[in-house]
Every structure is written in structure tokens, then in C-alpha cells.
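Protein sequence lines, in the order shown, are assigned to chains G and A.
Under my numbering, the first residue of the first sequence is numbered 44, with each subsequent residue one higher.
Under my numbering, the first residue of the second sequence is numbered 26, with each subsequent residue one higher.
None of these hints come from the bench; they were simulated from the model.
Any given hint could turn out to be false.
Stated by the list, open to error - FRET-style restraints, in silico, Cβ to Cβ:
#1 A:Glu329 / G:Ala290: 52 to 58 Å
#2 G:Gly240 / A:Ser340: 56 to 62 Å
#3 G:Pro189 / A:Glu302: 46 to 52 Å
#4 A:Asp217 / G:Ala227: 39 to 45 Å
#5 G:Pro115 / A:Glu296: 31 to 37 Å
Glycine included, C-beta positions come from ideal geometry on N, C-alpha and C.
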Amino acid sequence: MTDATFTGESPKRHGSLTASDARTKRRNASEKRFRIYGLAAIGAGLFFLVVLLSAIISNGIGAFQQTFIQVPVYLDPATLDKNGNRDPADLAKVSTFGYTPLIQTGLYQLVRDAGIETDYEDAGDMKALISASAAAKVRDWTLAHPDRIGDTVEFEILASSRVDGYLKGRVTRESIAEDRNIDAGHLDLTDALRESGALHKSFNAEFIFGSDASESRAEQAGLGVSMLGSFFMMLVVLFLALPIGVAASIYLEEFASQNKFTDFIEVNISNLAAVPSIVFGILGLAAFIQFAHLPQSAPIVGGLVLTLMTLPTIIISTRASLKAVPPSIRDAALGVGASKMQAVFHHVLPLAMPGILTGTIIGLAQALGETAPLLLIGMVGYIATNYPDGLVSGFMSPNSAMPAQIYEWAKRADPAYYERAWGGIIILLVFLLIMNVIAIVLRRKFERRW
Amino acid sequence: MQSVKLAASALAIAAVSASAAAARDNVQIAGSSTVLPYASIVAEAFGENFDFPTPVVESGGSSAGLKRFCEGVGENTIDIANASRAIREKEIAACADAGVTDIIQVRIGYDGIVFASQKTGPEFTAFEPADLYNALAEQVLVDGEMKPNPYNTWAEFNSELPDVEIAAFIPGTKHGTREVFEEKVLLQGCEDTGAMQAMIDGGMSEDDAEGACMAVRTDGKSVDIDGDYTETLARIDSNANGVGVFGLAFYENNTDKLKVATMSGVQPTTETIAEGEYPVSRPLFFYIKKAHIGVIPGLKEFAEFFVSDEIAGPSGPLANYGLVSDPELAATQAQVSEEETMGSNM
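Bound conformation, chain G alone (with noise of 0.2 Å):
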């Protein structure tokens, strides 16, 4: 009704409504500036993204494809099984050691067979070539089939380390100039074999699902077992933070009084979200190794102290996701003559879920890379390399962890570790990414809105 007092003088415009004014003109600009910078910033942002992930890609992916060599391998009775009674025990006395020349001469009689002309005199020159890892293959695979000793059993072995980086393009005749390891005959060795077909690159399933590799082979190492680790870690951190963390933030939200105690709570809640993750470490050292006297590098203890480090993250999303929780639905149930905890628990946990259930897979995805608590508990080094035999070695045998395992290859001297932690890179953004998928899509799903 304040129409009605207006006096009924129009405000003076200056200028016409076609042609903007300057300070209009002013406004536009500055409005026009600011997409820009937005725009800047957006595109500065995809800009490294893809940079990242180019060189991670392009680093890692090598990782993934490894040169075997098919090499027809005699398994001599006269170094095998000197009694000639194939009694397992006794064979089971030949070390790799002994499988070894027999591997070289293999290989040997190969280039000869194959017309290929080299300098090499002896099949001890062929060491290079093979990967020390062969031996092993070559032994577990004889102690197993006790019956063939005696016949020529065509293996594929790994080629060494300098051998695939030669295939890959890391390793040239240059490079090798100083190398004592490998000779440039070895190289021509290599494009002969190849050629002939006994050597070739192709996908090496070893690298996802193997076990961690000594100084001298990286051309053996694998990252499963490490992932194992990270998975019984999960397990742990699943199992403890998830129904410690909904519980406390019931208490909390629902049911404490809000006095200077719950305040005190709360402010060192939100501090712990922000202590570095080092600091978890040191405190997992000392309360569950020296003091409970768990075992060392074991995943219960790297579980943990990811559990203490992932509950604040859990503990703020699931109280954020109660509070969105609108009060009628809680006035409700109260008023229909439900008990405190049975408004809880019927009608808000049960609306709040997708909302915790994203928060503490956003706390898990967090907890998975991360490593340097890990290096506290003595979760880095030469450690993931059996698989557990079950569910009590899964949680007790010491092991490592991807993010870990990574840090230690690329720690490593040979440069081919280099690549294979670019590429346990590619595996660890795959697993957050699978997990930060199945976040965004339970909320989307399941979220309710008001």
C-alpha cells in the first residue's frame, strides 16, 4: 500500500536507456574481469591436471608390460637329483643356485639353434639377459613336476631389468656405456632374439597381483601384496572408525547437553581433523608397538593408527549429516510417542546414512594414501613379500602398503623401480578414484532432499 503515498516525481535520469552510462559500463567490466580470472583459474587447474596425470601415464604405464624370454630349459638328472631317486627331499637340497647354469645354457643353446652369430663363448656370457628370478620360476616349477626331470621344458622367464628397459627405450647402447652389468653385445643379442621371436614384451599380470622384488630384480616386482596390506588396513579402519565415530556423533548431536565439556569435545574434534598425519605415527609407535606390544610392521597396527587418523573426518561428516536432518522428522516420532533413541534410530540414522556412508568413504580414500604414519610403524622397506596364509597373518605378518610400497621403489637404485612406482602410482588413482565414484553415486542415489 506504500504505492499509494508516492509523490509522483520520477528520479532524474541522465543520459538514454540504450547507451550504458560509465559507471554501469564500470560494473560490466569489472564483472566481465572476474569471469576471466574464474575462467584463468579453471582452466590453470585443468591445466596441471592434465599435466599430472600426462606424466603419470606416461611414466607409469611401462610398468605394466615387462619382456619375457621363452627359453627351452634342460633339466639335467646329473645337478638335479644326483641319486637319481627323485626323492622331493633331496631336490629340494638344489638351491636356485644350481638351476642357474642350467638356465644360461639354455639360453646358449637357443642363440645357437636360432643361426644367431655372437661373440658370447660360454652361456655364463648370457647372465645378463635373464632375470635372477628365473632360477626360482624355474626350481618351484621342478619341485612340483619331480617326473620331468630329465626332459627340455620350455619356460617363460623374465628378461632383466636393463634387457626390458633396452625394449622400453630407458636403457641405449650410450647408457650403457659404463654400465658393468650389460654389454652392448648384449643389446644386439636382444634385437636378434627378438626378432626370432624367443623375446618379446607383453602384459605382465605379475606387476597387479605379485609380491615385492629384492634390489637386483625389479623386473620381478609386483605391488598385491602390498595391496593386501592396504585392504587388511581398510578392514581395520572400517571396523573401528565407522561405528566408533556414528556412535559418538549420535551422543553428541542427539543426546549430550550442550555445556562446556561437549564444547571442549567438539573444538578439539575439529583440531585432531587437522593434526598431521606424521603425528599418528609417532603416537602408534608408541602406544600400540612399545606399549601394547602389537608387532611391528604388521597392517592391525598401521589399521590403527589410520583409524585414530580417519574418526575426526568421520566424526564432523556424520554430525554434519545428522544436523541436515530436518527437526520435524525427529518432532514427529516424539510426538507419535517413540522414545529418544528410537527417533534415532528408526528415523534419523536411517535418513542421515548416504550421508555418512560418503563421508567415511571419503575418510578411507584418505586413509588408503596415505604413508607417512606407516613409516613409523616400520611399514617401508624390503617387507611385502609373503602373501598372508589367512585372516590372523592378514592382520598380524608384517606388511606394507601401496602408498608405502610405492615411496620405497622409488627410493630404489635400478631406474626400472623408477617406473614401477610411476606405475603402483596408476594403480593407488584407480582405487581412489573406484572409491570416490561409489561415494558421489550413493549420494546421488540415496540423499534426500527437503
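Please arrange chain A on chain G, whose structure you already have, making use of the hints.
Chain A only, in chain G's frame:
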């Protein structure tokens, strides 16, 4: 929800109580990052050839490893400490305080320390200990007088060296390699330049003079690297004038990026180190807790396997990787099989 929580806590309790019952069945090793590659090679071969699980090898440096070794006896302490230097009296005392009294010292071989720079960088091809002393020491002898190190470029004290800014990357104090570098290079250089004599003439005791010889300048020309050789390599990669300290085995794996300098005219190779011609080398050790033998399965077998001829001999995998085989390996083998502790032969 409640049943989930119950199941979770039951699982956690079961897991924790299982730890108290289940004995550790693998050997645990920690220590020197120089010994780590060798220990991992042996551990791998051990796992392949024996029915014991593959031992676990962690790194962290000699001092850190020996500290953990001396925490006490029991399943949640390590069985073997790797070290790139001999154990110190102070550490033996700390061990004894914690109840670790019977220690078996095993020498596995020798390792060379080399000085390398960027392959395409300035011509750092020949060093004398005196050059490194002049470049890196805190106090050097200038015109017959001890002065705080005034040199900025290598050519200032040796015209045969490149005229570039001094930038050296040396191992940090928690590494055993540092001790060897100080004793075999800095101290030697200090004596060669006459600085040591000048200090003693100036009224210093011999011990103080040695300490002063090994003090490294702190004005940023010399950088302590607390990480591994890969970190040193990264620094050299990004600094064309940098000179770094590496283990021989590490250099041999990265000959495409690094060029090595001779020391006192000798090229570092396993042969020159074995013959004692190349001056900067040191023995590598590991230390076993005797109290753990018989408790931790496979511990003694692992130690014996480590020093066997097939592994640590001149044509074994360790020598292939860069270890200089110990000429007295047979004595070490006997010592390990008899479980001779340090007290009994001192």
C-alpha cells in the same frame, strides 16, 4: 546397527588377542640403507630356497637400526641390525642396559664410497682427499694459518679442478657412510694439507685437532642428505656443479647419469677396493641378537646363508650387485656357525 558394532568389536578383540598368542615366524631386520639392498637380495633368495618365510628388511640408517636393536630382547624387537660401520662402545653399553648382552658381529664384505657428479657437468674426474678437505672443512690452512673456510670455487685451491661454485651433497650424520667419509677423506685431507700439524703446533691436543679436521662447513656449500642416495642423485640432477657421495653399487646402477671421480688416482671398482688400492672403503656389518637364535625360526639359517660362499663369495649375487667380497669369509662363516659373540673375541 548394534549387531554390526558388536561384530566389529569382537573382531578387533579377537585380532588383538591373537597377537599375544601367535609367535613371530619371520626374521626382522632394520638398519643401514647401504646394507639394505644386499640384505634384501639375501632375504629373497632365502625365502626361495628355504621353508621359512622371507625375512623383513627395513631401512633407516645404521644408527637408527642399532638403536632399535638395543631396545631389548623379545618378539617385538628386531633380530638383526644392519650397519655400515662397526657398533660403538656407547651403543654396546645401551644394549647391555636394555638386556641385549650377547651380540654376534658379522662382517659381510666391503663397500666403496665414490664421489660422482653429473655426467655432462664440469670435469670432476680426479680428487685427492686434500681437495675435499679444502672444499668442505670448517677451518682450513691458508698461508700457514687456520682460517674459517674462505673458498667459494674448487679452482681457488687446486687449479686443476673446475672453476665452479662448491656444492657438495654428503650423507647426514645418522648414516654410517658419514663416519667413513670423515675419517678416510676429511681426516686424511687434513693431514695431507698440513692443517692437522698446524693445529697441534698451535697447542691443540691430537683428539681436538682430529675433531676440528672432521668438522664440516655450515655455510651451505656442503649439504647433509638425510635420505637415501636417490635423494643425492636428485640433487645432482638439478645442480650441474654438484658433487655427491654415493655407494659404489648405487653408482653402478646409474652410470648413465653419473660420472665417477678417481681418488688419489685410483678408479673405484670392486677389484681396486678388494686389493685395498682405492682408499675410501669400509666394511659392512650386521649384528645378531644371540638370545633370539632358537626362538625366531630361521634366524641362524639366514645368517649362515648370508655369509655362505654362494651368496657373499666373489661370484655370488652380492658381488654382482657391487659388494666387495671379504677375503676372510671362511673365518666369518665359522664364527656365525659357532655363534661367537662380541665379548668372547675381544
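Checklist line | Satisfaction of the hinted span 39 to 45 Å by the C-beta atoms belonging to aspartate 217 of chain A and alanine 227 of chain G | finding: This hint holds: roughly 40 Å between Cβ atoms.
Notebook entry, point to check: Do the beta carbons of glutamate 329 of chain A and alanine 290 of chain G sit within 52 to 58 Å of each other?
Noted result: With Cβ atoms ~53 Å apart, the hint holds.
Next item on the list: Could you check the hint for me, namely that glycine 240 of chain G and serine 340 of chain A are 56 to 62 Å apart, CB to CB?
Entry: Violated - the Cβ-Cβ distance for glycine 240 of chain G and serine 340 of chain A, about 32 Å, lies outside 56 to 62 Å.
Item checked: Distance restraint evaluation - proline 115 of chain G, glutamate 296 of chain A, Cβ atoms, bounds 31 to 37 Å -> For proline 115 of chain G and glutamate 296 of chain A the Cβ distance comes to about 36 Å; the hint holds.
Checklist line | Range hint compliance [Cβ, proline 189 of chain G to glutamate 302 of chain A, 46 to 52 Å] | finding: Given range 46 to 52 Å: holds, Cβ gap about 49 Å.
In summary, the structure is inconsistent with hint 2 from the numbered list given earlier, while agreeing with all the others.
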